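Use the sequences and the hints to build the structure in full.
The chain contents come next:
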Amino acid sequence: MRRRDGELLLYWALPAVLGVWLSAFLLFPGFTRPMSPAMSADAVAGFYRDHVWRIRASMIVFNWFSVGLIPVLMLIVLQIRRMGHRTPILAYCMIGCAAAGPTLFLTADLFWMIAAFRPERDAGITQLLNDLGWITFTCGVPFLIAQSVFLALAIYLDRLERPVFQPWVAHFNLVVAAALVPAAFAGLALDGAVAWNGLLSFWLKNAAIAVWIAVMWLVLGRAMRQERAAEAPAV
Amino acid sequence: MSSAQIAVERIELPADSPARRPLAKLAWHWRNNPKRELWLAWYAIVAFYQMFFIVFFLITRAQPPGKPWWNSTQVVQWFDQMHNGLLWGFAVIFLLGGMSAFSTALIAYSMRRMSVSPAFAYSYLIMYSLAAVPGMLLLCVALTAGALRPDRDPELIHAIFDLAFVSFVGTMGVFLIGSVIWMVAILLDKNRVFPKWFAYLNLCNALTEVVIAPACIFKRGVFSWNGQISWWLDMVVFGIYTGAFIGQLRTMILREDVGTGPLPDAAPRPAADAAVPAGAAA
Numbered sequence: 001m002r003r004r005d006g007e008l009l010l011y012w013a014l015p016a017v018l019g020v021w022l023s024a025f026l027l028f029p030g031f032t033r034p035m036s037p038a039m040s041a042d043a044v045a046g047f048y049r050d051h052v053w054r055i056r057a058s059m060i061v062f063n064w065f066s067v068g069l070i071p072v073l074m075l076i077v078l079q080i081r082r083m084g085h086r087t088p089i090l091a092y093c094m095i096g097c098a099a100a101g102p103t104l105f106l107t108a109d110l111f112w113m114i115a116a117f118r119p120e121r122d123a124g125i126t127q128l129l130n131d132l133g134w135i136t137f138t139c140g141v142p143f144l145i146a147q148s149v150f151l152a153l154a155i156y157l158d159r160l161e162r163p164v165f166q167p168w169v170a171h172f173n174l175v176v177a178a179a180l181v182p183a184a185f186a187g188l189a190l191d192g193a194v195a196w197n198g199l200l201s202f203w204l205k206n207a208a209i210a211v212w213i214a215v216m217w218l219v220l221g222r223a224m225r226q227e228r229a230a231e232a233p234a235v
Numbered sequence: 236m237s238s239a240q241i242a243v244e245r246i247e248l249p250a251d252s253p254a255r256r257p258l259a260k261l262a263w264h265w266r267n268n269p270k271r272e273l274w275l276a277w278y279a280i281v282a283f284y285q286m287f288f289i290v291f292f293l294i295t296r297a298q299p300p301g302k303p304w305w306n307s308t309q310v311v312q313w314f315d316q317m318h319n320g321l322l323w324g325f326a327v328i329f330l331l332g333g334m335s336a337f338s339t340a341l342i343a344y345s346m347r348r349m350s351v352s353p354a355f356a357y358s359y360l361i362m363y364s365l366a367a368v369p370g371m372l373l374l375c376v377a378l379t380a381g382a383l384r385p386d387r388d389p390e391l392i393h394a395i396f397d398l399a400f401v402s403f404v405g406t407m408g409v410f411l412i413g414s415v416i417w418m419v420a421i422l423l424d425k426n427r428v429f430p431k432w433f434a435y436l437n438l439c440n441a442l443t444e445v446v447i448a449p450a451c452i453f454k455r456g457v458f459s460w461n462g463q464i465s466w467w468l469d470m471v472v473f474g475i476y477t478g479a480f481i482g483q484l485r486t487m488i489l490r491e492d493v494g495t496g497p498l499p500d501a502a503p504r505p506a507a508d509a510a511v512p513a514g515a516a517a
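Residue numbers (our numbering), protein chains in the order written: chain A, 1 to 235; chain B, 236 to 517.
Simulated from the structure, these hints should not be mistaken for lab results.
Hints are not guaranteed to be accurate.
To be verified - Counterexamples of contact, computed for chain A against chain B with all Cβ distances above 10 Å:
{"id": "1", "residue": "Pro29"}
{"id": "2", "residue": "Ala57"}
{"id": "3", "residue": "Ile60"}
{"id": "4", "residue": "Met113"}
{"id": "5", "residue": "Pro167"}
Unchecked claim - FRET-style restraints, in silico, Cβ to Cβ:
{"id": "6", "chain 1": "B", "residue 1": "Pro430", "chain 2": "A", "residue 2": "His171", "range": "41 to 49 Å"}
{"id": "7", "chain 1": "A", "residue 1": "Ala229", "chain 2": "B", "residue 2": "Pro430", "range": "42 to 50 Å"}
{"id": "8", "chain 1": "A", "residue 1": "Ala178", "chain 2": "B", "residue 2": "Pro353", "range": "30 to 38 Å"}
Here the structure is a predicted model, which means the values were calculated and not measured.
The beta carbon of each residue, even a glycine, is placed where N, CA and C say it ideally should be.
See the structure below:
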């Protein structure tokens, strides 16, 4: 039997991390009214000058907590290991995504932070750093998409009589993966729904991520309870 | 069905099965093939490398790379010519690039199947997973940013161009150490997962990362990022290496018994008297 001490602590830390993320999201003025890619270089430079402290503070908080989801992803990996598979391949796929995904978010955070470091810089350079930040953040979905697809495959291939996750969780993951698809194409549009401030690339994508975290947190809790109940010594 | 039987039987649906049409056949394997996770990963790897080739060589034409000796005007012209290809091609990478995890996972699994410590598999898994960001996605982000605004200051476009190609060729250490990890695991392995010559091919791949290092310094000549040695020779080695490891992984899956002892030889046609692996007794 696997040692499980501390798993509940990691599990229950997530709501606190989410609270911090939400505060940082609201603190960054570039998110509450997503910055348009059509803004001129001067407008972008003005944005960094006007909001320099809110940007710095939010980016520091994002930086601290950007890897905050990884413990919960590892709890999901442990549940995948419990599934009726013959190899650990899908668990390894999830570990790979957990290593690469947050690195992308962290990279975006660094670009925004550098742009805010010297807001008096030439406007063209600030605009470039801002572009790099937004492209990395918005288009940086490959590992989130892959993660949902891997999880769905793992659930479909689970041959336990009482599967770890119900099949609807797999369908749900595929829907989330589909919702993240338009964001990959954000580089193709400076305005409209696919642009990085658009309905699909910003709002749908980030809502899908939020819903994924909430739903997976709940079903993970259920799977962990079932695991404990099944292995509890009979008294 | 014991794991030994799985190893030596050819996994094929019964001849009288109604499921002979391609889709029905696929569904049959999805339900019944005991190696479905391995085959899924293997076919995903084949698809991933084809997608990678199509995007980098045909759609974006980011490979072979632009010339490191170009001035800003020439770089801007390059972006103008490539504009749509870059934006569409890298969108495909942003969509499907995560499938590279299948490749890392299957290779890590090959090391778990060996007699070596799991530390090898986990090292490889982490190295190649984190390498995807500086080694591939940063180039995609940079060239997307370059193509996004053709009216940007040419000096800045030139800097983005350098960021893209220096990060792409400059992510050397993870691929160098990663290949060496796989090589050492194969050499130490007593389960006969791969032939020993394949270990030395890993060394060849690792050496390409040594040869590419001067590309971070030279702007022209054979060692520049598009040079005859740093690009052409390395690309030939990488092509041979990729083809070889995809073939070796396929052979491994064919021989796989999902056990723990030495990997049996490829199955002869009738399964009956093939060698029973040590792990099968458990």
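A quick look at each hint next to the structure:
At roughly 22 Å, the least C-beta separation between Pro29 (chain A) and chain B is larger than 10 Å, which holds for a residue marked as non-interface. For Ala57 (chain A), the requirement that its beta carbon stay farther than 10 Å from each beta carbon of chain B is met, with the minimum near 25 Å. Once the 10 Å rule is applied to beta carbons, Ile60 (chain A) is consistent with being away from chain B; the minimum gap is 21 Å. Every Cβ of chain B is farther than 10 Å from the Cβ of Met113 (chain A); the closest lies at roughly 16 Å, confirming the non-interface assignment.
The beta carbon of Pro167 (chain A) sits about 14 Å from the closest Cβ of chain B, which is more than 10 Å, so the claim that it is off the interface holds. For Pro430 (chain B) and His171 (chain A), the Cβ-Cβ distance of about 43 Å falls inside the hinted range of 41 to 49 Å, so the restraint holds. A hinted range of 42 to 50 Å holds for the C-beta pair Ala229 (chain A) and Pro430 (chain B), which are about 48 Å apart. Against the hinted window of 30 to 38 Å, the Cβ-Cβ separation of Ala178 (chain A) and Pro353 (chain B) comes to about 35 Å, which satisfies the hint.
In terms of the numbered hints stated before, the structure departs from none.
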